[in-house]
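As given, the protein sequences belong to chains A and B, one line each in that order. Going letter by letter, the first sequence gives residues 0 to 94 in numbering that gives the first Met the number 0. Going letter by letter, the second sequence gives residues 0 to 490 in numbering that gives the first Met the number 0.
A hint or two may mislead.
What the hints assert, rightly or not - Computed list of lysine-lysine pairs in DSSO-like fashion (alpha-carbon distance at most 27 Å, straight line): (1) 91/A / 139/B; (2) 73/A / 196/B; (3) 139/B / 73/A; (4) 73/A / 87/B; (5) 218/B / 125/B; (6) 414/B / 389/B; (7) 113/B / 196/B; (8) 393/B / 414/B; (9) 91/A / 389/B; (10) 396/B / 446/B; (11) 393/B / 462/B; (12) 232/B / 113/B; (13) 308/B / 345/B; (14) 113/B / 78/B; (15) 414/B / 396/B; (16) 393/B / 308/B; (17) 91/A / 73/A; (18) 389/B / 462/B; (19) 389/B / 308/B; (20) 91/A / 347/B; (21) 91/A / 271/B; (22) 366/B / 347/B; (23) 91/A / 87/B; (24) 457/B / 396/B; (25) 91/A / 457/B; (26) 271/B / 308/B.
No lab work stands behind these hints: they were computed from the structure.
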Amino acid sequence: MSAPDLDVRYIARLARLELSDEEVARYQSQLSNVLTFVEALRKVDVSGVEPTAHASPVFNVFRQDVAQASFTPKEALANAPRQANDLFVVTKVVE
Amino acid sequence: MKYLTTIGLEVHVQLKTRSKMFCACAVEYGAGPNAHTCPTCLGLPGALPVMNQHALELTTLTGLMLDCAIAPYCKFDRKNYFYPDMPKNYQISQYDLPICVGGAVPLHDLAYPKDAQKSIATPDKKVGLVRIHLEEDVAKSFHYDTSTGVDFNRAGTPLMEIVTEPEIGSPEEAFAFLSSLRQILLYGGVSDADMEKGQLRCDCNVSVRPEGQAEFGSKIEIKNMNTVSGVRKALAYEVQRQTAELEGGRKLQQETRRWDDASAQTFLMRTKENAHDYRYFPDPDLMPVRTETLVTTARAGMPELPSAKRARFVDQYGVSGYDAAVLADDQDLSAYFEAAAAKAAKPKAIVNWVLNDLLSAVSSAGKGMRECPLPPQALTELVDLIDAGKISGKQGKEVFAEMFGSGKGAATIVKEKGLEQLSDTGTLEALVDQVIAANPKPVADFKAGNPAPLNFLKGQVMKLSKGQANPVVTSEILQRKLTAGEGPGGV
């Protein structure tokens with residue numbers, strides 16, 4: 000069974016990972032193996048099976064629209080590497 | 000060459016809930032930074048989302064109001080992307096199974112920009128919808144010189160996305176679509192839809208193609224518009240820019256642009272090569288939804304829609320289509336009108352007072368209809384006094400101003416000011432007799448066939464009554480007495 004096409008560099012970019020050439024080669028073969036296993040599933044006949052997103056037949060797990068106390072700004076920011084004026088501060092990102 | 004414009008909109012609406020979509024943090028506009036956060040909306044490891052039932056009900060109600068099909072079954076998916084406004088690196092949204100499918104928004108004439116209302120290309124147009132789905136909003140970013148600050152109050156609040164078919168033909172139609180949609184959302188109490196507060200935002204897809212070409216031109220997306228007039232301006236700019244590009248023999252590419260209000264231009268953000276790849280998949284943390292009970296609840300909350308209200312005002316109160324539309328445009332205004340018109344002898348007279356005198360008085364007092372100091376019953380009382388001939392229309396204006404300022408009832412003011420018209424025929428007849436006796440020359444002229452002295456004589460009666468004589472009744476009595484000649488009660 001041949002492994003499906005896999006663009007490791009593209010996948011890495013989507014995941015914001017910087018890979019060396021050596022890593023690209025290594026992951027290429029590892030991920031191809033994983034995909035080959037998944038390909039095996041394609042052989043199962045599912046024509047009579049209803050598509051389902053979840054295994055257990057549980058529906059409508061809701062909560063009522065009631066607001067409850069949450070973190071104080073101080074608690075929310077307790078683990079922030081950088082903060083100012085009660086805001087999380089990150090490297091500048093502008094699209 | 001002539002070019003055709005095709006526009007599709009993606010409208011984001013903040014739902015009016017007390018708590019967030021997947022956690023119990025409060026939804027509050029204008030709170031201090033990061034005042035409403037918890038492990039779930041901060042995306043901390045291990046935190047689990049639980050759906051807000053009311054948010055689902057409001058989305059279902061929106062679907063019913065917009066004539067959508069409500070899917071019997073829907074689910075939530077993860078939309079994966081990396082940006083500091085979404086620290087768990089995915090936004091919970093709905094991909095292939097949204098709550099609402101299809102539907103349409105009817106555009107009414109007054110929803111168009113004022114300067115375009117006289118030249119509506121496609122009256123009574125309905126803009127079809129593709130779908131409505133529910134997702135969570137993201138955090139708010141503040142960009143500084145070298146860093147970005149992030150406030151998570153908005154993160155995880157329920158956000159409804161309404162996607163139109165590419166059926167909007169002009170910037171003016173896009174304007175009318177947003178105004179009409181906003182009105183329906185307000186009617187349903189689904190959202191406050193205040194664009195200044197970012198409660199209604201929209202992405203616009205616009206393309207231009209030469210007339211006769213079947214396939215659409217390259218789709219250009221303008222991101223994150225937050226005023227209706229901005230949408231119109233940005234689209235008008237884009238249509239012009241794209242047409243000029245095509246006329247210059249250049250090709251357009253699919254790309255995303257940003258509108259800058261200050262310079263009134265759009266700027267390139269990213270091209271197709273850098274388009275996002277969100278890798279949607281079902282969110283394993285959230286169980287699917289069967290919508291049957293949501294539909295039952297939503298149906299019970301269905302309001303009378305703006306179009307139905309307009310039609311009813313015309314039918315029930317005999318007001319013009321235009322007046323009905325102005326009234327129905329504002330729920331507070333239409334509620335006021337109905338309260339005043341319900342017991343009025345002439346509802347049509349009420350509408351003129353409401354739309355002219357009342358609206359201008361309220362707005363020059365710097366108030367909204369909700370703070371109107373004049374209760375509707377007071378206006379009914381005034382209009383009925385005029386209608387019954389107790390005071391003249393001109394005096395009515397005076398009384399109205401006094402009522403609006405002092406809050407006193409119309410009858411009280413009329414009494415206090417001694418404005419009440421003299422309509423008692425006995426008293427008027429005596430006055431008329433007096434005038435006829437005192438003016439033999441004009442009376443003789445009139446009897447000789449000259450109608451002119453009638454007004455003079457009427458003026459004399461008014462003078463004698465200190466302006467209080469009812470002009471209509473006075474005329475009648477005068478005419479009767481002058482033409483009756485030697486009849487009983489005559490001269």
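Going down the list of hints, with the structure as the test:
1. Pair hint residue 91/A plus residue 139/B holds up; C-alpha atoms about 14 Å apart against a cutoff of 27 Å.
2. The suggested pairing of residue 73/A with residue 196/B holds, with an alpha-carbon distance near 26 Å, which does not exceed 27 Å.
3. Taken as a hint, the residue 139/B and residue 73/A pair is honoured in the structure, with Cα atoms around 18 Å apart against an allowance of 27 Å.
4. Distance hint between residue 73/A and residue 87/B is fulfilled; the C-alpha atoms sit about 20 Å from each other, no more than 27 Å.
5. Annotation: proposed proximity of residue 218/B to residue 125/B holds, straight-line Cα distance about 22 Å (limit 27 Å).
6. For the proposed pair residue 414/B and residue 389/B, the alpha carbon gap of about 11 Å is at most 27 Å, so the pair holds.
7. Straight-line distance between C-alpha atoms of residue 113/B and residue 196/B comes to about 24 Å, which keeps the hinted pair within the 27 Å bound.
8. The suggested pairing of residue 393/B with residue 414/B holds, with an alpha-carbon distance near 16 Å, which does not exceed 27 Å.
9. Between residue 91/A and residue 389/B the CA atoms are separated by roughly 72 Å; this puts the pair beyond 27 Å, and the hint is violated.
10. The suggested pairing of residue 396/B with residue 446/B is violated, with an alpha-carbon distance near 37 Å, which exceeds 27 Å.
11. A hinted pair counts as satisfied when its Cα atoms are at most 27 Å apart, and residue 393/B with residue 462/B qualifies at roughly 17 Å.
12. About 14 Å separates the Cα atoms of residue 232/B and residue 113/B, which keeps this hinted pair within 27 Å; it holds.
13. About 19 Å separates the Cα atoms of residue 308/B and residue 345/B, which keeps this hinted pair within 27 Å; it holds.
14. Restraint check for residue 113/B and residue 78/B: the C-alpha separation of about 40 Å exceeds 27 Å, so the hint is violated.
15. A C-alpha spacing of about 15 Å is found between residue 414/B and residue 396/B, which places the hinted pair at or below 27 Å, so the restraint holds.
16. Note on residue 393/B and residue 308/B: the hinted pairing is violated, with a Cα-Cα distance of about 32 Å set against a maximum of 27 Å.
17. The suggested pairing of residue 91/A with residue 73/A holds, with an alpha-carbon distance near 22 Å, which does not exceed 27 Å.
18. As the CA atoms of residue 389/B and residue 462/B are separated by approximately 18 Å, the hinted pair is consistent with the 27 Å bound.
19. Between residue 389/B and residue 308/B, the direct Cα distance comes to roughly 33 Å. Violation of the 27 Å bound is thereby established for this hinted pair.
20. The hinted pair formed by residue 91/A and residue 347/B fails the criterion: a straight-line CA distance of about 61 Å is larger than 27 Å.
21. Only pairs whose Cα atoms come within 27 Å are accepted, and residue 91/A paired with residue 271/B is accepted, the gap being roughly 24 Å.
22. Under the criterion of a C-alpha separation no larger than 27 Å, the hint pairing residue 366/B with residue 347/B is consistent with the structure, at around 25 Å.
23. The hinted pair formed by residue 91/A and residue 87/B meets the criterion: a straight-line CA distance of about 19 Å does not exceed 27 Å.
24. As the CA atoms of residue 457/B and residue 396/B are separated by approximately 23 Å, the hinted pair is consistent with the 27 Å bound.
25. Our distance criterion of 27 Å between C-alpha atoms is broken by residue 91/A and residue 457/B, whose separation comes to about 83 Å.
26. Under the criterion of a C-alpha separation no larger than 27 Å, the hint pairing residue 271/B with residue 308/B is inconsistent with the structure, at around 45 Å.
Violated hints, listed in ascending order, are 9, 10, 14, 16, 19, 20, 25, 26; each of the other numbered hints is respected by the structure.
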